[in-house]
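I would like the entire structure built from these sequences, with the hints used as guidance.
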Amino acid sequence: MEMRTVFHKKLREIQDDILAMGSMVGKAILRSIDALKNRDLELARQIIGDDQKINNRRFDIEEKCIELIATQQPMAGDLRTIIAILNITTEIERIGDYAVGIARIVAMIGDEPPLKPLVDIPRMAEQTVDMLRRSLDALISRDLGAARKIAMEDDLVDHLYDQVFRELLTFMAEDPKTITRATRLIWVTHNLERAADRVTNICERVAFIVTGKMEEMGASKY
Amino acid sequence: MNRNITLPNSKTLTAQTCVTKLRTEKVSLYYGSFQALRNVTLDIPACAITAIIGPSGCGKSSYLRLFNRMNDLIPGARVEGNVEFDGILIYDPKIDVVELRKKVGMVFQKPNPFPLSVFENVAFGPKRHGIGNRAELEEIVERSLRQAALWDEVKDKLEQSGLALSGGQQQRLCIARVLAVEPEVILMDEPCSALDPVATLKIEDLMKNLAQEYTIIIVTHNMQQAARVSDTAAFMMMEQDRAGVLVEYGATSQLFTNPKDRRTEDYVTGRFG
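Line order of the protein sequences matches chains X and C. 1 is the number of the first residue of the first sequence in the working numbering; add one for each residue after it. 223 is the number of the first residue of the second sequence in the working numbering; add one for each residue after it.
Any given hint might turn out to be false.
Partial pick of chain X residues on the chain C-facing surface, computed with a CB cut under 8 Å [unchecked claim]:
1. 4
2. 7
3. 70
4. 73
5. 75
6. 76
7. 77
8. 78
9. 79
10. 80
Quick list of in silico lysine-lysine cross-link-like pairs, DSBU-like style, CA-CA up to 35 Å [stated by the list, open to error]:
11. 64(X) to 424(C)
12. 213(X) to 430(C)
13. 248(C) to 324(C)
14. 482(C) to 149(X)
15. 248(C) to 213(X)
16. 177(X) to 27(X)
17. 379(C) to 325(C)
18. 64(X) to 430(C)
19. 424(C) to 10(X)
Hints were generated in silico from the structure; no laboratory data involved. Remember, predicted model here, so these are calculated numbers, not experimental data. We put the CB at the ideal spot given by N, CA and C, even for glycine.
Shown next, in the form of structure tokens:
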């Protein structure tokens, strides 16, 4: 007989909240890259303003988790899930901060002419957001194999990071007047690289729910 | 004969407590034709608190009562397998059951002081075991009441009836009564289920203190209590024929955060009960 149906319903609701928050943050990252591509300062300002909604979402999830711990005394897998969600919500919130970081760089760039057409940076962003989305799917389905696989994909993001960095270095070496613009783009890629590392942390928490053990996954070289 | 207990992820068990105090080996218990326990093998560490949890009727209390041979009092009760206390087989016909019960005290669900004064409640056991000297009895009573964290509350009313105390005080009086005969093991069968939360926490604190010197086994329905007080925990459940079996035994920290058996997980997370 299934017991504690109210508790488990609330736990599912929190997981739905996490999915919704992850979706908000994924969109924020992609929009920040759109703002960068289109020199869209208005969009950049919106992303910075919307971050408050993401932060509030995180506090809301934390409050719900604390309430469940205090009132329901969860045990075993349920306890691990709630503790993991508390960690994961922080990771997602920080990824939101990286979107804000990129939006701020867009504001700094203003209407300077583009240094080069953006190819690899949007790919980095898409890869990161795709990893984020799938890591949260792995959370919902408690899919250890998927979590480990996604964490390995951090290498793809690191690889793109290297590639963009090398390319921008050649620009700067050839023409020192490009240094400011190139440096700003490096900052953007750094934000994306950090965001992907946060996804790896989410994958570690998914593994913790499944196995009860902390495991370090694909330590990034950065 | 000392056996060492090794439990995974046990941070609370020290070298001292990793010695087996009590042990059952392939123990089955029958009440007439009904089998209450099947093949239970378990090492209970010395100077630690072991909790036994499980749904109603899973044989927790029957298991507990093996150690002071309380089941002997039930007509038709029969034990198979070995039950050991410090390596000695306690169902050996040569065992003096009175002596065994002096070493293995028990505290029950409902506080059950005798209808005597506080003093006489605690002095009752030592007197039965032949201590008649008043000064010696006074010393035992004070020491036992102090150990039971009750002395300060009752030192001025030792001659009052034990039944006049509050529920929580009565339960601590019963613990003092057990301590007065200097046992080595204390069995507790739902010791807090008739107490309010504050009295419950006092008993739990007391248990933690007592566990430095005594081996404690507690049977409880209250999973949070088991998680709070115990060092090791055993989960029992009924099989289809209603016989109780041991499903999982381990360090409390492990059993409640990462149980190995799916059935334990389902029970501690309330997915069945």
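Residue hint residue 75(X), partner chain C, criterion CB-CB below 8 Å: At about 4 Å, which falls below the 8 Å cut-off, the nearest Cβ of chain C leaves the hint on residue 75(X) intact, so it holds.
Hinted pair residue 248(C) and residue 213(X), Cα distance within 35 Å: 32 Å, holds
Per-residue hint verdict: residue 4(X), partner chain C, C-beta under 8 Å: 4 Å, holds
Residue 248(C) paired with residue 324(C) [C-alpha distance capped at 35 Å]: Distance of about 25 Å is within 35 Å: holds.
Hinted pair residue 213(X) and residue 430(C), Cα distance within 35 Å: It holds: about 28 Å lies between the C-alpha atoms, which stays within 35 Å.
Proposed interface contact between residue 79(X) and chain C, which counts if any beta carbon pair is under 8 Å: 6 Å, holds
Straight-line alpha-carbon gap residue 64(X) to residue 424(C), limit 35 Å: Since the Cα atoms of residue 64(X) and residue 424(C) sit roughly 30 Å apart, the hinted pair holds (cutoff 35 Å).
Given pair status - residue 430(C), residue 64(X), alpha carbons within 35 Å: 32 Å, holds
Given pair status - residue 149(X), residue 482(C), alpha carbons within 35 Å: 25 Å, holds
Pair hint residue 177(X) and residue 27(X), alpha-carbon separation not exceeding 35 Å: At roughly 33 Å apart (the allowed maximum being 35 Å), residue 27(X) and residue 177(X) satisfy the hint.
Given hint residue 10(X) paired with residue 424(C) - CA-CA distance at most 35 Å: It holds: about 33 Å lies between the C-alpha atoms, which stays within 35 Å.
Hinted pair residue 379(C) and residue 325(C), Cα distance within 35 Å: 29 Å, holds
Of the hints listed earlier, the one the structure fails to meet is number 3.
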